[in-house]
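These protein sequence lines are chains A and B, in that order.
Start counting the first sequence at 1257; every next residue gets the next number (the working numbering).
Start counting the second sequence at 1257; every next residue gets the next number (the working numbering).
Calculated directly from the structure, the hints in this document are not laboratory data.
Among the hints, a few may not be true.
Here are some chain A residues the structure puts well away from chain B; computed CB gaps all over 10 Å [what the hints assert, rightly or not]:
hint, residue
1, D1333
2, R1483
3, T1489
4, A1513
5, K1567
6, T1624
7, P1690
Between beta-carbon pairs, the in silico distance windows are [as the list claims (entries may be wrong)]:
hint, chain 1, residue 1, chain 2, residue 2, range
8, B, G1433, A, D1395, 55 to 63 Å
9, A, P1631, B, A1406, 20 to 28 Å
10, A, T1459, B, R1644, 46 to 54 Å
Backbone N, C-alpha and C fix where the C-beta goes; we use that ideal spot for every residue, glycine too.
Protein chains: 2
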Amino acid sequence: MAQRLIVIGGDAAGMAAASQARRRRGRDDLEILAFERGHFTSYSACGIPYWISGTVEERDDLIVRSPATFREEHQIDVRTRTEVTGIDLDRREVVARDLDRGGEVRERFDTLVYATGAVPTKPDWARDMGGVFGVQTLDDGAAVRDWLDAEPKPRRAVVVGGGYIGVEMAEALVQRGLSVTLVEQGEQPMSTVDPDMASLVATAMRGLGIEIRTGVRVSGIEERDGRVAAVVTDAGSLPTDVVVLGLGVRPNTALAAAAGLPVGTTGGVRVDRRMRVPGMPDVWAAGDCVETLHRVSGMAVHVPLGTHANKQGRVVGINIGGGYATFPGVIGTAVTKVCDLEVGRTGLREREAASAGFEFVTVRAESTSRAGYYPGARPMTVKLIAERPTGRLLGAQIVGRSEAAKRIDALAVALWNGMTVDDMTALDLGYAPPYAPVWDPVLIAARKAVDALAS
Amino acid sequence: MAQRLIVIGGDAAGMAAASQARRRRGRDDLEILAFERGHFTSYSACGIPYWISGTVEERDDLIVRSPATFREEHQIDVRTRTEVTGIDLDRREVVARDLDRGGEVRERFDTLVYATGAVPTKPDWARDMGGVFGVQTLDDGAAVRDWLDAEPKPRRAVVVGGGYIGVEMAEALVQRGLSVTLVEQGEQPMSTVDPDMASLVATAMRGLGIEIRTGVRVSGIEERDGRVAAVVTDAGSLPTDVVVLGLGVRPNTALAAAAGLPVGTTGGVRVDRRMRVPGMPDVWAAGDCVETLHRVSGMAVHVPLGTHANKQGRVVGINIGGGYATFPGVIGTAVTKVCDLEVGRTGLREREAASAGFEFVTVRAESTSRAGYYPGARPMTVKLIAERPTGRLLGAQIVGRSEAAKRIDALAVALWNGMTVDDMTALDLGYAPPYAPVWDPVLIAARKAVDALAS
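The following block holds chain A by itself, in its conformation from the complex (with noise of 0.2 Å):
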């Protein structure tokens, strides 16, 4: 008799965990269910702010597979709109509930993926209200959209909260013509990178119209006639027609803490390198639900990102199906279009590599994307942070304004295998006039760092 893998949660990390599994293993083997809330299966939720803004035209563009298709190719019963409301570990059990036509099922499984995703901070003052939404899902993208398209039309927008989520819909916001304040309790937006070059970033959006109140603590909303009218700060109250907050998730973990599953100080529930729930043989657990190492300071750390999601899920298919895998971690790359801005970072901030313990300088070299005398070379600047005294690479961070962002993989890579900034200097980097000066700007920072060393 076939064996039984229930799912939780149908997005990157569940799907891709079912569709190894699936690979590996046929239906007479291994029976599938995956349990979804929402309305939609494995969609892009870094998307959605381009959705919003009109750049991507079509909602369904930004899903990859549909329930349908996971049904009829890959025999995964997929279950939307189905809330798994329960497990019971003992039983081998999860008691799930038809959100559309009520009712409830339980459904036995002899292996679990609990991949539930994360869920946004929401502050008590974020009531329930017209015009006030999170961007998580793609329900939430389309609540957002049909706000912007009803009369009275949105004018004025707040954006609450300046991490990559806050700054990228602050920028579709303007795109769709609102008047666009973006409300940031720290010193600067964009505080994924460290402050000196999140001022490039704050300086281009205000370039853009973008109205940036730093060190502003938001306290409340007002409404008027069940629509949100101002956000409440302590630094005075800005009247609006629409509030976006991005102030950032947190693992979804209820049911997992209910069911006693370990949860790590992070919040993330706890995992092996396998991926699977330590001490419990057949749980598994991926994606923005769970914690994970970071290979730099080597501290459990949770960094929802799609990638990490469908990395993760894959190791746990594979190692369901049969085959050995493992998730070695993360060193925190990301990369963010801001404006014309392209923004990348991998490693550890200046304050993370301080509170991790590590000795170090930093070094801020400015070049050029291309050979200098190349049509469209642009000014780009890098950012290393370098371990003292052994030179071990621990950070680094791109500012530019084209073919910026993705230079951060040369650096990521080279971080990842613990090289020094004197070995980077040799790196055998790709070269030519429509592409980089002779030297790269990632050499030419690894060259002053080699210097801020010695001196």
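Fit chain B to the given chain A structure using the hints.
Below, chain B without anything else, positioned relative to chain A:
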């Protein structure tokens, strides 16, 4: 009394060495004399095709630092149009001839840097004749430009050789409005990548109107009134008004060999890891005239490329300056723009891997530069060559329409560090919809290689 450093060759390697030595040792400690037979120092030879095409407007844009700058700002006595004709290692003297005014000088040195670059391969049939050009020096570039501008205006061009320079020159001449034929002895132009990848390039070149004749050997040229009139091949005669030679270069070692410097099997001067000539403590060499270690094959190779010349020159200068630096070899990374294609490679091609004795698998993965739904996503082909059974990456090639070439850098750093394709599937590369699909093309190829190794 100050010691005296003589540098033979005032381009990338020589002047990088001189500048680095000067940074570390003042003029009271070290006198620096640099001889250059051409008119210019430190220019971008790689930029010449773009100057000829008109993409780069001014010749001086290609000049990084003029002789005057070196003299005034770096106290380096640069003597242009002065050709070193002999090296006397016993007496520690060089003999140099003033090419403009005539006359010879003998100059004493304590330390010597040999950085004479490379000379273009010139077949017997390529007599000096109006309209026949190499593209090696800035003076060559000026000659081509003058020829294209002068009456009678050339309408047809034949480029002989389909390496980087040949391909770039074919495109440059098309941009100048000429009707261009590229003649290549091998089966494909762009032989720096495997034939399957090169065929993508050939298709793009044909799309630009370039006629490509492969498997054709040139046996002579015909002239009329002192001007080239046709290229004679074993497949007939090709009438033309200009001929550009893109047949590669060989190390310029005539002087070195005469003086007793060791020359390796590749034809390049042999050096140790610090770029010192073995057995000659005060003689150093760098740039296109030396051979270097290929870190993958373990063999000596000759890879003339500005980025290596600069790095090697820097290493020499640090060592002469009293510091410590090594050049650890190359892995064959290169990027090229061909029409609207971007081409990148690193490591070994299939043919090279086989002749180095490796067993391997190859995979080719099709993907896109950005998330498929994001505007501007373009197709990209990534090919990987992985050792069997270890999975160690041996080589990689990329051909794409945009944001493709520099993706080779992540692969180059992975290869540099001896990563396996299995390790690579977990790499934390930058992901955001404007920059990559959730599985970067590089990771998709790595996954495919893992599968190929398992089957």
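Report task. Mind listing which of the numbered hints don't hold for this structure, in increasing order? Result -> Of the numbered hints given earlier, those the structure breaks are 5 and 7, listed in rising order.
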